[in-house]
Amino acid sequence: MNALQGKRKWVPYVWLLPSALLIAVFVIFPILIVFKLSFSEISKAGVIGDFIGFQNYIDAVHLPAFKTVMVNTFWWVISVVGISTLLGFIVALVLNQKFHGRKIARSILVFPWATSLVIQASVWNYIIKYEYGSLNNVLLNLGIINQAINWRSSYTVEFIWECGVGIFVTVPFVAFCVLSGLQSIDGSLYEAATVDGAGFWNKLWNITLPLVRPSLTVSTVLNIIYVFNSFPIVYTMTKGAPANKTDTMITYLYMLSFYDRKKGPATALSVIGFLILCVCAGVYMLSVMRKEEEP
Amino acid sequence: MKKTLALLLALIMVFALAAPSAFADDEITLDVIICQYGPNTNEWFLGKGMNGTNFVDKFEAENPGIKLNLDVVSWNDVYTEVDTRIANGNAPDILNIDVFANYANEGLLLPVKDYCPDELFEDFFPSFIEQSVIDDTVWAVPDLASARALFYNADMFDEVGIEVPTTWAELKDASQAIIDFYDGEVYPWGIDMTTDEGQAAFAYYTWGNGGGFVDADGEWAVNSAENVEAINFALDLINSGYTNPNPATQTRYDLQDMFAAGKLAMVIAPNQLPTYVADKGGEINMATANIPANEGKSSSSVGVMDRVMAFKDDSAPDQAARNEAIGKFLSFFYDPENYVGWVSMEGFLPAVNSAVEALVAADPSFEAWLDVLGGCQFYPTAKAEWDQVKQGVIAAEQSALTGADIQTELDALQAALVG
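Respectively, the protein sequence lines represent chains R and G. Take the first sequence: its position 200, counting from 1, is numbered 199 in numbering that gives the first Met the number 0, and each next residue is one higher. Take the second sequence: its position 229, counting from 1, is numbered 228 in numbering that gives the first Met the number 0, and each next residue is one higher.
With the rest of the complex left out, here is chain G (with noise of 0.2 Å):
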């Protein structure tokens, strides 16, 4: 008797345990990963942060039949947790990151072209979607962006009388002039060629002087002459005493602090530094300007974009299905109702031409960024090498700042690239 009520009982347990996916065939789990912006990146999608309610609850409740199951992760550990999730076969169905090149080379996304809707396709920003491109396969849309610019501090500018710098002998004659202005107490420049952003420093000044990571043929060229004179002049500001002292670890949230504390004169930061500064209580007089270029080249100002992509999932049992879903997630996601909302809450700029109207309304400020945007050149994202190149700039510059030479630096790279 006991035996046949603990089999029963064993089977009762079983069905209970199979009942949920017998009768929710039906229904479509979205595995998503979110990149944590700031600290309202976990409110708007989870918490209470979207008007008293979430992104998830708002989904879900309009569209039946889709279920979240999303996950809002630090930028610190994003690359661990997608990796360790591929390696065990479990990688996310929609991904919200910068990098793609290597997993749409690897054959992991779907392209986007199967799950992104025509209308929505043909609103984000032509210049954007060129940037996830890998033969003539679009592989990830643009979820924001950020700018990067000049800013200075306007009020020491005065004091001391001098203009902003536009070339790179300028720059020099007005920090030579805060030095002597300030006794050394305020530093004129401010550098970051740390591990976190160094290939960034080296996009500001190689870029100035008309190098730059990869050629007019976009192969890779990182030892161009131009790029070797830059980063030499980088390095010459660094040398004269006219930068943060510690380049290697002094981050560009080191500078801004810096920069909000009134020790230091300019800093090239991105469009939310106003709001970073406010944040920190600092009341700077800042203005913005371009980046100053070498003599007789142009200014190019700096675009971050981050992305968002979609797996492939062999398993789901309905591939039509799933892609739907995911073209009604990212439809629900870009609806300026929600996006501008998501895009303005931590000061980004918008990826899509509908967003940017009631961006514009709410904040005029908006509109010179978008400006600034539209010249940007981007980090050459969409090519396989892109991460080796992007550490192997910012070694190449830290050794060089323990005195390495920096032809010998580049030259050692692009010998590993081109083979």
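Just chain R, with the same shape it has in the complex (with noise of 0.2 Å):
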């Protein structure tokens, strides 16, 4: 029996082994290229060059548009994954609720989500437009303006725009996340509440996001994760100008790589944001795994 037990213990190794080799040849073997060329030297053409050690690196953060950068990939990230988290968060709770064609509006709330977000991003690009855009129009149309507004009068507003599309599509992803939590709270904990007085503030507070609380974690690294990374919509709407001003990390090291033809200091920004990353996610997940394990 013994020796049974022993030869079955590799069993599930084997099970494990293609996951484990595809993360290693699509993730971990990727991760550390980029490593490497990120103390390399590398041409205007793309050639690699010899180790330069943190030149790279000296490069990048001496680079003009640097800190404007840096500046607006925070707001990019705090902003979209903050407001669609609270937005989400409350769809969910409202499509929780029992109402007649709540099936549709679950389908409904997919569709930003399920587009790619190059349309998504062109679609609003045309929705905005101040020569025919449809927002000038249906505002025009139904006598709310007199006459055309330039929605895109200065980079800050156009920034504005940018991180509301990232919200628009980034609500569907936490609200079903937040609602595939909903779903398995138990009923009755919230009949025993009411038998006891708790009203909807308090039933929120003690039962809905003290159990919602795993789904919410999961979502929010996610989209931490996703927004940082995310370099349709910056892309398709103003490609970063004037000057950097709208770029996140994610574009300008794009734009720096194949636009500027800076590949090292790209390749040290694309290791810099990977680290960043690497700690937002963790200190997140930590603070949120000692939250739970408190008693």
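Read the hints as simulated data drawn from the structure, not as lab findings. These figures come from a predicted structure and were not determined experimentally. Don't be surprised by glycine CBs; every beta carbon is placed ideally from N, CA and C. Honestly, I wouldn't trust all of these hints.
[Unchecked claim] From the derived model, a few chain R residues whose C-beta atoms are all more than 10 Å from chain G:
#1 Pro-17
#2 Ile-107
#3 Val-109
#4 Tyr-129
#5 Phe-273
[As the list claims (entries may be wrong)] Result set (DSS-like, lysine-lysine): computed pairs, CA atoms no more than 30 Å apart in a straight line:
#6 G:Lys-171 - G:Lys-262
#7 G:Lys-311 - R:Lys-43
#8 G:Lys-112 - R:Lys-43
#9 G:Lys-311 - G:Lys-382
#10 G:Lys-311 - R:Lys-35
Fit the two chains together into the complex; they arrive one by one in their own frames, and the hints show the way.
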């Protein structure tokens, strides 16, 4: 019997082997390559040269747009993840109620998430277009405004629009994560709380929030990664213009690599981004796990 | 027995895998990357767009022993694709793209004389060939060109009762007249200072003021007094409300759409604009004129040229045969029987003399554009710092749009260039 158990010990590892191989080839290997590249000289045409230590990192942080891009990236992640989490939570609460047409409402919610981000960003570009955008058309036809408004009058406004589109496409993901958490809550808990005289806010704070926390954790951590790495919205709407004022780290390093042809600093920036994400996700996960372990 | 069978099977498989290369030593395969100029490019090279056949099939039928592994890649992706392939040591044999200086400076390209037949080389417009010379060596050949000119809505000009502007002062007067007449409903002038083509805007205004990217000696001079005056003039047009409102994000295609919709009176665009407007369903009575220049300065059109180049491949067993195969590819491509169809299909201008006669016979309007092309200035793409300059002037323009001083911005760029 013991001999059989000993033999079977390796069986789980065999089953895990394909996944481990895939992760090694498609995740770990590219990460290691990028790390190696970030310490190498890379020519304008892409030829990889000698080891140059931290020179690419020094060049990257001394780029004129570096500070602007980091500040933009901070606001981009905080606003899109923060606001979409709040809105997604509210939407999930609404969709968890029993009402006529709930299934249709849930289906519609998937659309912004299921549509390609490039298409979403292009559509929003048309909606807010000054000359013949549909937003101006609708407002003009309803008589709400007398003349067309330039919805992209400054780069700050354009950046806010980009964040808005980011929030629009992220809300459904949060809503579905939270909804799955809400549906797993035993209804008798609410009944008991109601009998004890608990109101809406009381139940929300003491039953709903603690029980959907795992779902919220998953959605927040994944969103931080997705939003930080999101490329299509900013690239499609402004390409970082004017003069990198609306760039985030990902669009900036792409422009740096393939437009400015500064591939070394671009690779260093991508490593910096990877490390920032590791730290953010790690700190968040640790703090949440600690709270979950609290009695 | 089982083991013997398995070994036999394995040997057969190894032999089967090795066989094609063992028997195909005489055959040369050329990896070719072609940029996608429009919806017809793919059909012409790989589909049925070449009178029911395609370039690859026709070439391979006429050139036994040479196989083409040809990819049509969109302009958005081609730089990423090529750079990635170079980084992986897998550069294409033949590349069609706009820039070449980085590849030449890094020793990746073959000199044109190594593979281009003399007869074909003599056929290229000399002024085009000059654009691809570094250290007295020609590194690429032109594949096609387009020329930019001022297009204006002739009906609008008749309605307003104004003449086409030839100077900057006349341009401002005409713009004010259009604003007054249409009560601000029509933009008089289109400006594109986007990340895509802001360098073109820089060229339009600085060349029209006797400035430009380089000085008379061919040295970088992006912060010259003429350039600063020219960009300040462009900014003045924007601030006066004579242009489209968001020049940093409204691309040339946005401007062309506005022109096609009768929302824009004047736009600087390539010779394909009439086809573009017709495809959009626009019915604009348009005419062309020289790009307005500053008083006393001469107008200059902007020529844009793309290239074909061949990469070195030290691993090729027979370099002479490879060079000959590349030469055959070029000869076949520029054969008027094929090339005329290629150039006219997407509405471009030719790069070889032998195609001119047939193109003008098919479309007489080509002749006027060939004249424009003869007087064009080109971007200094043969200089190694061109990428930096191109992105630098765009960043300077865009910073100026947000309130920065253009002199300071261009001074910083010039300082970065000359060290």
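Structure-based check of all given hints:
With a least beta-carbon separation of about 23 Å from chain G, R:Pro-17 lies farther than 10 Å from that chain, consistent with its non-interface assignment. Every CB of chain G lies more than 10 Å from the CB of R:Ile-107, the least distance being 30 Å, so the non-interface label holds. The beta carbon of R:Val-109 sits about 28 Å from the closest Cβ of chain G, which is more than 10 Å, so the claim that it is off the interface holds. With a closest Cβ-Cβ approach of about 6 Å to chain G, R:Tyr-129 is found to fall inside the 10 Å limit, against its non-interface label.
At the 10 Å boundary, the C-beta of R:Phe-273 stays outside the reach of chain G, the nearest C-beta of that chain being 19 Å off. Simply put, G:Lys-171 and G:Lys-262 have alpha-carbon atoms about 18 Å apart, close enough for the 30 Å limit, and the pair holds. The suggested pairing of G:Lys-311 with R:Lys-43 holds, with an alpha-carbon distance near 17 Å, which does not exceed 30 Å. This hinted pair checks out: G:Lys-112 and R:Lys-43 have alpha carbons roughly 25 Å apart, not beyond 30 Å.
Using a Cα cut-off of 30 Å, the hinted pair G:Lys-311 and G:Lys-382 holds, with the two alpha carbons roughly 21 Å apart. Of the supplied pair hints, the one linking G:Lys-311 and R:Lys-35 holds, its CA atoms being roughly 26 Å apart against a limit of 30 Å.
Going through the hint list in order, the structure does not satisfy hint 4, though it satisfies all others.
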